[in-house]
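Please model the complete structure; the sequences and the hints are all you need to start from.
Residue numbers (the working numbering), protein chains in the order written: chain A, 2 to 312; chain B, 23 to 508.
Among the hints, erroneous ones may be present.
As the list claims (entries may be wrong) - For the chain B half of the interface with chain A, some residues (derived, Cβ under 7 Å), not all of them:
| hint | residue |
| --- | --- |
| 1 | Asn146 |
| 2 | Trp401 |
| 3 | Gly402 |
| 4 | Ser409 |
| 5 | Met411 |
| 6 | Asn412 |
| 7 | Glu424 |
| 8 | Asp428 |
| 9 | Glu430 |
| 10 | Thr438 |
| 11 | Thr444 |
| 12 | Asn463 |
| 13 | Ser467 |
| 14 | Asn472 |
As the list claims (entries may be wrong) - Capping the alpha-carbon separation at 25 Å, the derived lysine to any residue pairs in SDA-like fashion look like this:
| hint | chain 1 | residue 1 | chain 2 | residue 2 |
| --- | --- | --- | --- | --- |
| 15 | B | Lys103 | A | Met8 |
| 16 | A | Lys175 | B | Lys103 |
| 17 | A | Lys23 | B | Ser449 |
| 18 | A | Lys54 | B | Lys103 |
Claimed, not checked - Away from chain A, derived, C-beta distances all over 10 Å, residues of chain B:
| hint | residue |
| --- | --- |
| 19 | Glu30 |
| 20 | Glu126 |
| 21 | Ile169 |
| 22 | Gly252 |
| 23 | Asn369 |
| 24 | Gly470 |
Hints in this document: simulated from the structure, not taken from any laboratory. We put the CB at the ideal spot given by N, CA and C, even for glycine.
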Amino acid sequence: MRISSSMMTRQAMENIEKSYSKVANTSNQVATGKRYASASESPVDFHMVNSLKLEQGEITKYFSNIENARVSVSDTEIALKDINESFQRIKELSSNAMNASVSLSDREAICIEIEQCKQQIISNLNSQSAGRFLFGGFNSKFPPIKENAGLLEYNGTVISTMTDLEKDSFISEKVVVNVSKGIKVDLKISALEIIGTGDNNLLNNIDKIISELRNEPLSSDELKNQVDILDDHFDNVLLQLTKIGATTNRLDAIVSQLTQKQTAISEKISGIEDIDIEEAILNYKLAEQAYNSTLSISGKSIQLSLMDYLR
Amino acid sequence: MSNFYGLELASKSLYASQKAIETTAHNIANVNTEGYSRQVVELEAVVNYNGLIYDSKNARNVGSGVVISNIEQVRNEFYDKLYRKEISISSELTSKNQAYSYIEEIMKSSSDSNITNDITSLFNSMEKLSLDSENMILREQVRQDAILLTDNLNTTAENLYQFQSQLNNNVIALTGQINDMANEVASLNDMIYKYELSGNKANDLRDQRNLLVDQISEKIGVTTSEGADGTFKVLINGFSLVDHKTVNQITLKQDITNPVTNEKYSSLYWGSTNTKVNIQSGEMKALTDMRDGNSVDRIGVNYIIGKLDNLAGSLVTEFNAINRAGYTLPYGSSSSETGIDFFNAANTHAFNISISSELEESGANIAASSQLISDFSNWGNNENLQSFMNLRESDSITFGSESIGDFESYIENTYTQISFATGFAASRKASQDSIVSYVTNQKDSVSGVNLDEEMLNLSRYQKSYQAAAKLMAVIDEMLQTLLNSF
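Dropping the structure here:
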């Protein structure tokens, strides 16, 4: 093939450009630690990384949801434990009082303490987490349990005369949180689930114990009857505590699952878009070497001319 | 036979050598001229008066010396045509690649501040809000994220529209250039034709014309044909742009209207017949494809804006439907209401999507509750926010006949389509460039000047000039000898 002068220079230029762009590419890879500078270099990999990143973002979101849920759950647990303690105390006191040797004035003292325990339970039912009431269902703004004209109300409805329909509708007010794809946890226990409704609700039950204790003479049968009802309530509180404990365990399990998944995703992303630094440096060195040789060869070959040998 | 015949012979030889040296000089001078084809002198022995080169029998007639029969341009028309075809594809791909890269940049598909992330942030804020739905700070966060999303959609669409009208401006400018160059080719045709009527070769004018046609084919793919009578045609898809001395001007007609912005864009028409110019390749093809392309295999600005519009439209529809079903939080003197829009229902395109006036007023108008909020009830109700969460998890959202799937993947897929198009154009351009480089080399191999060769020629013709001069001196001496003997 006949070679013309412009071919020679153009080819030299093309070769220099090619090896120079390789130097630029590999040095960019070394500098950023990433395999690609723009999406179009490898759309498939880029798409995969992006969907993995979306998944990663979702997991981060679930983590923050779980974190928030934990605060609410642990506050609920603390309140329930307090209620449980108050219960124990009421039980102790009322069984003490059943002893016939206890005098009326002693019983009065016991009544005052039981009354205090009841107030303690009410205040626990009205406890807050981050400024929101825990046991009021969708009513998070106002204390759910309130005394109005001597009667206790839940969210404005009198508890002792509440119908089952009203009760069910209150209990169904669940604040649900997504903690993992498709997995929801309901955070709220309604105060009604703890104290029950109707005439035998917990607070009425306590009131009845108090009034029995104030009777002279003490009707131990009647009192025993009420204490039995109290025992049922006690079992119920324990059940709620177990439920909350189970929720905590479930959250823990989900956290460890999500952590594993996140690690796996990070590894996958890194595998696709990160470059092995030794390999990158080696590639850079090779490109540099090629560039050097191209420059040296091109520099020499375009200088050659017959003119140097003509006299 | 005259005594002075030898002088005549020597002068012919001197003249030929001189011309050859001048041609060599012309070649050397134009070694770097774009489009220049090297020229060679064609020498021919002169036939003497009686039609014989020499009469060996009588030794009466020897040869009559040398004459330059032609100064010929060395070129291969096959490679010229091939070059034009390949360069016009190459320049189309170059412009396409540039345009796609620019669109990639507009969409910021590889950075962290893009539409996908805005949608993710909006949903994440809603998720946070669902834990504490009466918290005004969290509601404000949702509102801000919604504004960020609409702003980003607006800016992206706005930039795309600007790019589209910039493409249109380029089409207009390019059409002007093509017409100008066509005029130049026509006037060169005339000059070459007249010059060559006398049997001469208009070498340098031909080079100019070839270069000009090469340049035209970068802008719009053309073919050429030269008739036996020396008339030259430049054709776009078989329709002549230049026919010898006449030019068929390309005119512009604003016959494309953007349905959203009502901006008008121009198409190319033949001035003479008022029919559409069928653009096959070249930069013009890239510009019009990018400007008007609206299908998967012809991804242009319209296609991408269409995708963004679908996204915006479905965001408005879906978010409003959910927000309308729920109840807002009471604030100031407003009570809890239902039927409130999230986005402004009147603005369903990417360039104008905006949050509703109610949401503009307060984040309280995010309908988190599924029931009326009053007195004791439903302040913490987040059931309607759950519908938003379900929307996020849903992967079967549709908008009109378009299947959106889920919002984030929909926009991600659009990004991927663009980067595929960019990558495809880039890799096709790379292989096209190597074809162009091959053809250029072939063309150059035939037509390019080699300085070493010219140096050799220079020495060769210098030697022949010296010899001819010596001949002249010898004949002069011969004549002196003859004249002095009397």
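For each hint, the structure was consulted:
1. Asn146: holds (5 Å)
2. Trp401: OK, holds: Trp401 (chain B) within 7 Å of chain A, min 4 Å.
3. Gly402: holds (3 Å)
4. Ser409: violated (12 Å)
5. Met411: Holds - the Cβ of Met411 (chain B) comes within 7 Å of chain A, reaching about 6 Å at its closest.
6. Asn412: violated (10 Å)
7. Glu424: Glu424 (chain B) check fails; min Cβ-Cβ to chain A is 20 Å, beyond 7 Å.
8. Asp428: violated (10 Å)
9. Glu430: holds (6 Å)
10. Thr438: Interface hint status for Thr438 (chain B): holds (4 Å vs cutoff 7 Å).
11. Thr444: holds (3 Å)
12. Asn463: Nearest chain A Cβ about 6 Å off; hint holds.
13. Ser467: Given a least distance of 5 Å, the restraint on Ser467 (chain B) holds.
14. Asn472: holds (5 Å)
15. B:Lys103 <-> A:Met8: holds (19 Å)
16. A:Lys175 <-> B:Lys103: violated (77 Å)
17. A:Lys23 <-> B:Ser449: holds (16 Å)
18. A:Lys54 <-> B:Lys103: violated (50 Å)
19. Glu30: Non-interface label stands for Glu30 (chain B): nearest chain A Cβ at 32 Å, farther than 10 Å.
20. Glu126: violated (6 Å)
21. Ile169: holds (20 Å)
22. Gly252: Non-interface label stands for Gly252 (chain B): nearest chain A Cβ at 28 Å, farther than 10 Å.
23. Asn369: holds (27 Å)
24. Gly470: violated (3 Å)
Of the numbered hints listed earlier, those contradicted by the structure are 4, 6, 7, 8, 16, 18, 20, 24.
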